[in-house]
Amino acid sequence: MPGCPGPALRRVLAAGDPVQFPEGASVLNLLSAALFLGFLLLGGAVVWQSRPQGSLPSKKKALNFFLGYTLMVSFGAGLSQRELWPFSRWELIAGIVPPAVGERFAHPRLVALDEQGEEHAIDFRAYEPLAFDELSSWINREFPKLDPTEKRRAARYLLERAENARARVRSGLPVGTRRWPILLSAPYFLLHPRIWPSPSAAPAEPFVGLRIYTETWNLEERQQDPHNLKRVLLYQYPEP
Amino acid sequence: MTSFSSRLADAWTQFWFSPALPLNLAVARIVFAAHALWMVLSRDLAGISGVPVEFWHAAGPTLRWRYLLFPGHSGLEHALQLLTLAALLAAMLGVFARASCFLAGLLLYHLAPLETIIWTVSPYARGLTISVLALLVLAFSRSGECLALLPSGRRHEGLDSDFQWPVKLLQMFLAQIYFFSFYSKLAVAGWRWAAPRNMRNFLLISTEPDQVSVFHWFGNWLADHAILCLVIGVGTLLLEGTFFLVLFSPRARQVLVPVAVAFHLGVLFSMNIFFHNTFQLLIFVDWDRLRRRLKTASGSASPVSFQPSGRRDESTAGASSS
Numbered sequence: 001m002p003g004c005p006g007p008a009l010r011r012v013l014a015a016g017d018p019v020q021f022p023e024g025a026s027v028l029n030l031l032s033a034a035l036f037l038g039f040l041l042l043g044g045a046v047v048w049q050s051r052p053q054g055s056l057p058s059k060k061k062a063l064n065f066f067l068g069y070t071l072m073v074s075f076g077a078g079l080s081q082r083e084l085w086p087f088s089r090w091e092l093i094a095g096i097v098p099p100a101v102g103e104r105f106a107h108p109r110l111v112a113l114d115e116q117g118e119e120h121a122i123d124f125r126a127y128e129p130l131a132f133d134e135l136s137s138w139i140n141r142e143f144p145k146l147d148p149t150e151k152r153r154a155a156r157y158l159l160e161r162a163e164n165a166r167a168r169v170r171s172g173l174p175v176g177t178r179r180w181p182i183l184l185s186a187p188y189f190l191l192h193p194r195i196w197p198s199p200s201a202a203p204a205e206p207f208v209g210l211r212i213y214t215e216t217w218n219l220e221e222r223q224q225d226p227h228n229l230k231r232v233l234l235y236q237y238p239e240p
Numbered sequence: 001m002t003s004f005s006s007r008l009a010d011a012w013t014q015f016w017f018s019p020a021l022p023l024n025l026a027v028a029r030i031v032f033a034a035h036a037l038w039m040v041l042s043r044d045l046a047g048i049s050g051v052p053v054e055f056w057h058a059a060g061p062t063l064r065w066r067y068l069l070f071p072g073h074s075g076l077e078h079a080l081q082l083l084t085l086a087a088l089l090a091a092m093l094g095v096f097a098r099a100s101c102f103l104a105g106l107l108l109y110h111l112a113p114l115e116t117i118i119w120t121v122s123p124y125a126r127g128l129t130i131s132v133l134a135l136l137v138l139a140f141s142r143s144g145e146c147l148a149l150l151p152s153g154r155r156h157e158g159l160d161s162d163f164q165w166p167v168k169l170l171q172m173f174l175a176q177i178y179f180f181s182f183y184s185k186l187a188v189a190g191w192r193w194a195a196p197r198n199m200r201n202f203l204l205i206s207t208e209p210d211q212v213s214v215f216h217w218f219g220n221w222l223a224d225h226a227i228l229c230l231v232i233g234v235g236t237l238l239l240e241g242t243f244f245l246v247l248f249s250p251r252a253r254q255v256l257v258p259v260a261v262a263f264h265l266g267v268l269f270s271m272n273i274f275f276h277n278t279f280q281l282l283i284f285v286d287w288d289r290l291r292r293r294l295k296t297a298s299g300s301a302s303p304v305s306f307q308p309s310g311r312r313d314e315s316t317a318g319a320s321s322s
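Chains as they are written, first to last, in the numbering used here: chain A, 1 to 240; chain B, 1 to 322.
The hints are simulated quantities; they were obtained by calculation from the structure and are not laboratory data. Certain hints may be false.
Cross-link-like lysine-lysine pairs, in silico, PhoX-like; alpha carbons within 25 Å at most [said to hold, decoys possible]:
hint, chain 1, residue 1, chain 2, residue 2
1, A, K230, A, K151
2, A, K145, A, K230
3, B, K295, A, K61
4, A, K60, B, K295
To give a feel for the contact side, a few chain B residues facing chain A, derived at Cβ under 8 Å [unchecked claim]:
hint, residue
5, I48
6, A58
7, A125
8, L174
9, Q176
10, V188
11, W191
12, I205
13, F218
14, H276
15, N277
16, L281
17, K295
18, T296
19, S298
Don't be surprised by glycine CBs; every beta carbon is placed ideally from N, CA and C.
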């Protein structure tokens, strides 16, 4: 059965820095915005000093300030490893991968239920505009913090997206953001297989429910047996 | 000390302000605008504004005001997305190029974070990070005077340092990706990052979850060979740690840029990771030199021409000369 996505990988890609809160802190948001504004202002100064009436020394000075500032901010972000987007720290695949994908790195798996209660995998395009990897990280980090009403609303939305996509695929209509041949559209950072490449591949029965599982496994054990993983039900909609 | 500071100043001037022709800058404009256009056409960023407010739980007030992103405005965001597409197209074609670049850069600063706003403040590695900075740099510079349907500003009159510094800065942004990636690996994991066991685990975690992996065979095959895992680890650190040399050496560009492209292809097929910025490496090609070589080869120009520095052409492969 199709499996689970990238949140564990993404966390490892973020070098064991699973909590984005340091980057999301108010001060860092304000600082990042201010630094970007500085970039704009100094760039504007370059444009202003480059006008025909401007003097060459002033233009050179503005340029040097702009270049120096940009280097300082961009290297500041990278060397301090603080995310000051768009001045990024570019922390890519920087972690040590543990042998077990455990609770810290659990992978969410979303499946849809039909009237008979049978589970069906959901094509990643069904969730668009939400990217599947971002949704998975959201489920790991934010979904547990929602109150019951919020969880129901979020799950109902995801179910509606899944059912809408299923129906479209069954009808031969395109689904997802990329309505043109796959080679022409930009994939996500992590690739995902299209499990509904044709109308017959999508389930015939309408979806009436949604389950969210979290999965953990040992890398070596799963390499021997792809089904060797532990699955725990996180949430079901509608609630039983 | 004075001698050192004057040497430093000379090096700074030489690096940023050597005279150059406008073609490379114009190509950079087209590359970044086309790439961003492709990315925006491949996403429904505006639609994220319309997802239920429960998904905006993590986006606090300062984050929302930082990017001026608020839930429930998908109509407005769609309009802005269309405007972005128009600006990028105009930038690519060279129609009011600098203004288009500026508009596109600002709009992408606003739109790009939508992709990840439901759980994190930063959309880095999603393909638009460098584009925001690059488009704004292109707006601040004389990027619209060549390869443009409506050339902007005064017509270029040959070599000028105005065409050098923006190209160098854009190249710097790309080189920083590799250097900071190298730096972060050492900062977080140290040299054991490159250990065969860690590489094997990376490959396994990239191929085992079947809903996230398209390619399986190559990654699994690599994972089964410890020596190859070691080569991958050491080779990655070597590439990332030395890539900054492309900023200073044409020979380094001739070697490291193709190696980087091959590296990203390898990562794609072994780890199912698509690195969007690969296409932007085209700005490391010296298009002006390439054009002159093609003209020479076709016999339509004198074999002797001048490098941007004013010296006679010593003609090697088409790597950026300055």
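So, going through the hints one by one against the coordinates:
1. Distance check on the hinted pair: A/K230 and A/K151 sit about 23 Å apart at the alpha-carbon level, within 25 Å; holds.
2. Annotation: proposed proximity of A/K145 to A/K230 holds, straight-line Cα distance about 23 Å (limit 25 Å).
3. This hinted pair does not check out: B/K295 and A/K61 have alpha carbons roughly 38 Å apart, beyond 25 Å.
4. With a C-alpha separation of about 35 Å, the suggested pairing of A/K60 with B/K295 is violated against the 25 Å cut-off.
5. A least Cβ separation of about 5 Å between B/I48 and chain A falls short of the 8 Å threshold, and the interface hint therefore holds.
6. Look at B/A58: its Cβ gets to within about 5 Å of chain A, closer than 8 Å, so that hint holds up.
7. Among the interface hints, the one on B/A125 holds; its C-beta lies about 5 Å from the nearest C-beta in chain A, closer than the 8 Å criterion.
8. For B/L174, the suggested interface contact is broken, since its CB lies about 10 Å from the closest CB of chain A, more than 8 Å.
9. With 8 Å as the threshold, the beta carbon of B/Q176 comes within range of chain A, its nearest partner Cβ sitting at about 6 Å, so the hint holds.
10. Residue-level restraint check for B/V188 holds (minimum Cβ-Cβ distance to chain A is 4 Å; threshold 8 Å).
11. At a threshold of 8 Å, the smallest CB-CB gap from B/W191 to chain A is about 11 Å, leaving the interface hint violated.
12. Look at B/I205: its Cβ gets to within about 5 Å of chain A, closer than 8 Å, so that hint holds up.
13. Contact between B/F218 and chain A, as hinted, is not supported at the beta carbon level, the nearest pair being about 13 Å apart and thus beyond 8 Å.
14. Proximity of B/H276 to chain A holds as hinted, the smallest CB-CB distance being about 6 Å (cut-off 8 Å).
15. Restraint check, B/N277 versus chain A: the minimum CB separation of about 10 Å is more than 8 Å; hint violated.
16. A least Cβ separation of about 15 Å between B/L281 and chain A goes past the 8 Å threshold, and the interface hint is therefore violated.
17. Interface restraint check for B/K295: the shortest CB-CB distance to chain A comes to about 31 Å, outside 8 Å, so the restraint is violated.
18. Given the 8 Å rule on beta carbons, the hint for B/T296 is violated: about 34 Å separates it from the nearest Cβ of chain A.
19. Contact between B/S298 and chain A, as hinted, is not supported at the beta carbon level, the nearest pair being about 32 Å apart and thus beyond 8 Å.
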